[in-house]
Amino acid sequence: MKKTNTIWGILGLLLCAYIWISSASFPTDAVMKIGPDFFPRLMATGMGIASVLLLIQTYSTESTAKAEAISFADPGIQRALIILVGAVVYVIVMQYLGFIPATIIFMMFMMYKLQFRQWVRMLLVSVATAAFVQIAFQGMLDIQLPMGILENFL
Amino acid sequence: MDFGLYLQCLFNALHPHALLVIFAGCLGGILVGSLPGLTATMGVALLVPFSFGMDMDVSIGMLLGLYCGAMYGGSISSILIHTPGTPAAAATMLDGYPLSQQGQASRALSMSLTASFIGGLLGCLIMTFLSPQVSIFALKFSTSEYFALAVFGLSIIVSISSQNVLKGVMSGFFGLILCTVGSDPISGYPRYIFGQMELYEGPPFIPTLIGLFAVSEILSGVEKFTAGKQVVQQVSQILPTMADVKRCLVTIIKGGVIGSFIGSIPGAGGDIAAFVSYGEAKRSSKTPEKFGTGMIEGVAASESANNGCTGGAMIPLLSLGVPGDSVTAILLGAFIIHGLQPGPLLYKEHIDIVYMVFASMLVANVAMFILGATGVKFFAKVIGIDKRMLLPIIMVLSLIGSYSMRNSFFDVFITLGFGVVGYLLQRFGFPLPPILLALILGPMAESNLRRTLVISQGDPSVILHQPIAMFLLILAVVSLVMSYRSQRKVAARMLAAKKANEADK
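Residue numbers (my numbering), protein chains in the order written: chain W, 20 to 173; chain A, 56 to 560.
The shape of chain A in the complex, shown without the other chains:
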């Protein structure tokens, strides 16, 4: 670790212009996160077009600020109105909302901010020291291992993101088929472009994901829209009491570490991290029965984990070029747009950019804490914003964001088309994150598999002779089989409960 370069990057991140952009990203993140229905993924997707005109290092700061801010912002609506702002804040709701009902919303919010901050810092530190080691290990990877890694990443997200594993698998394959649109990575032959040269490089990434994650949510919001204002509690306290900090410190540290490690598994995101950390806090508590009734440790555990996850998810992104979750999948897209390919070679060729990510992440966490502490009353009010004004604003930002990528109206229609596809898929229980990850990992899987087959003269069994690739493929199969079996168990239990209910009647 070159501390001199790290300090130089930290100094650059503290430059007024960079700092302003990080704060702006963070503010946008907290706002997006706190508004139910607007996820961190959507926020980053909408913000990526704004980064085109900026320098790479400055735009990284903005996107990381948004990522950290949105993770914390999700807890605000979880606690105040019993609706998680982002999926990662669902676990926070379990104890945050009961606390709010007991008139202790300020206490829960202040703990959420502190836990998010400490968890985020821990994640950031773990990323800074661990990712270079992973990248050294990854330098030994050949095409077989990269193919296996892509399969593993996809299998994990399919396993965890869907109630119906088969529908998750279908989503994943749909995404993989989608990325075969465009030129063949080896021969350059155009596939499924229907004479549209705009599709030669594949479906445009940012317009596709703005459609899948923003327009689909808008359509869903418009469909389920009900008029009426949300009543939100008043917030006064901005920092937790020393007694609460002492009570939760161990839980927060544990949550931060759990979040970082879960985040570093390709495909596993903040929602899983938060629930695992919450489960651990409950298990190790002397009063586990009180969890779910308004235990401040419940808020601390889930918030420290989901923010710890932000640093963790950056580890596979930077060192392997494989995103840790949906948001980092978009960050990967942003890196590529700026002409950088994350992966082990990034540490050799652009170590300054890697250190800039480390430094920006640190500053983003501090910015999140400052904004959270000073603006919590404002954010609490924002939740009450009228959706009738909000939805049209997001629609315009979505469409113009996708236009700005190539100044192309074709891209805007792609966005609208994928908006409809995303809306329909979600409505019928098909998860969208596997499609997003497949769009990133698909080209990686195809090009590495094809290269492996070229080297082995068409013999696929060569993959099975590589221990790391074999291990990753076995893990992929095990995760899918296990989640399928657990899904069947849950379905059988639900059916038994339904029959018992009918018998009672």
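So here's chain W without its partners, still in its complex pose:
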């Protein structure tokens, strides 16, 4: 726990320093002397104090809690990372391929990564979800979803 708390404490201090330095360029009210930098700096100071206190607490008390470090060798972390990358690709591809095909492919990919191997059920769930969202958002709520390659067919 000591190592992770130290990292978070330092990250908090870095954020505080960044806010203080970057807000120096904000314009100041000539009369009030309080400008757009006032609140961010106030909050950054609070963050800085809390970070220092966290570091002091981490090194002054004996902790019973165990650290839950993130290890890239952990299959669970790998799975979460692959799904995250898959989601980013899904969002990019959706703009060209369209919502329905991209969703079907992404959902089948995600289910496959979650060790689901019943192909018919995978396809049915993916198609049903894509159809439901398309009907609910576009048909009922009038929210335009990217059509992509299906633009001329639907």
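To be clear, the hints were calculated from the coordinates, so they are not data collected in a lab. Because the structure is a prediction, the values reported are computed rather than measured. Note that beta-carbon positions come from the ideal geometry of N, C-alpha and C, so glycine has one too. Worth double-checking, as some hints may not be accurate.
Pulled a few chain A residues facing chain W out of the computed Cβ check, cut under 8 Å [unchecked claim]:
# : residue
1 : M225
2 : F280
3 : I455
4 : E501
Please build the complex by placing chain A on the supplied structure of chain W, with the hints as guidance.
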């Protein structure tokens, strides 16, 4: 109280279209609540985009239905599989699961439904009659009091939502820094937008919270996922016996009232309400030692309180514009999206909307009871749904929900980014509710503080001369100091226990 207008709103809420939407919201709420890992906050966040295309009064009904439904739904998995569907149902598990192990799952579920219904109705009534009074009082508030109220709300949620108070404080400050992104509320100067005009109005609220509360949970679910189906007990009884109702009636009423009042404290939610009510039921019982072994009063106390809390949490939302808990924070966002700013002026300018909230809440509680009674067997089966199908569905709904806000892919990437942030923060013990509340209360705190300083010509001590503001600020400091001290005591006790264990070995 204008009863004529109230009846008119009740009549509107019973219109087939509005009624259908309330039932749909409630059904969605019970489903979301009963599935472990899907919280009421996540459910409301996912449902808000669906409300864009609807009229304000109809969409309120749907969101309130979901809120009430999810509070009850959480108890189903608490009782049947020893996993609370929502944090508010954690106290229900203490006696609900032992009852289930004794083969009395149906008895516990039927009591949970009845207690939720009566607790919810009590909360609704207290909200209807109390919130207008609070709003009259709040009309006297100036900018100093609003600033102090925002600080108080944040301090409470930091105190109660984290095992490590300092991490809760850091989460709160992170949220407050986050809401300084975008235009300055006084001068309009753009801050930290890095040339992205999409950020000019601040981080988009719904995509941010879908990321924090839905995508982070999906990533966590994917990481900790284990294949295999959940075995769930059969459910038969749908209503409690008269003997059980008689036995628990006082506990239920007490729970409903406790829940409503705890819910009305800005920041305190259903989980706290349920545990306080459970503690009170245990304290006043003739057989407190039997609590935790399958006492039906334990289920009644916690369920009536967490549903009572739904009405209570609406009091500060409507009358002060300050959310009572995480779910009402999102409801506040939904109100703002529809062009309404909750607060004392809402009672003057849009009293019809306020009464519509009262009426919809009443109908939502009845809908929850009807759906709970008729569908409990179905909901019990839903818990066994394969997560390998569920997680991809929620991921798609999350991403499309955030896209639909402004038809913007930028917002979808914001959602994914906050999903990662939320996942990391939660994993390392930083609570997320303070960030959500800070996103709501931050702009309120900043604009009111700045206005106060403009009026006082830069003298901050003016806040300390306002008795109500001073009182709220003292309460904020006291709550933080007390929770820090209690955290240190718990840590010392755990350390002593660990050393004693090592000595034994």
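A quick look at each hint next to the structure:
1. M225: holds (5 Å)
2. F280: Constraint on F280 (chain A) satisfied, holds at 6 Å.
3. I455: Holds. Min distance 6 Å.
4. E501: holds (4 Å)
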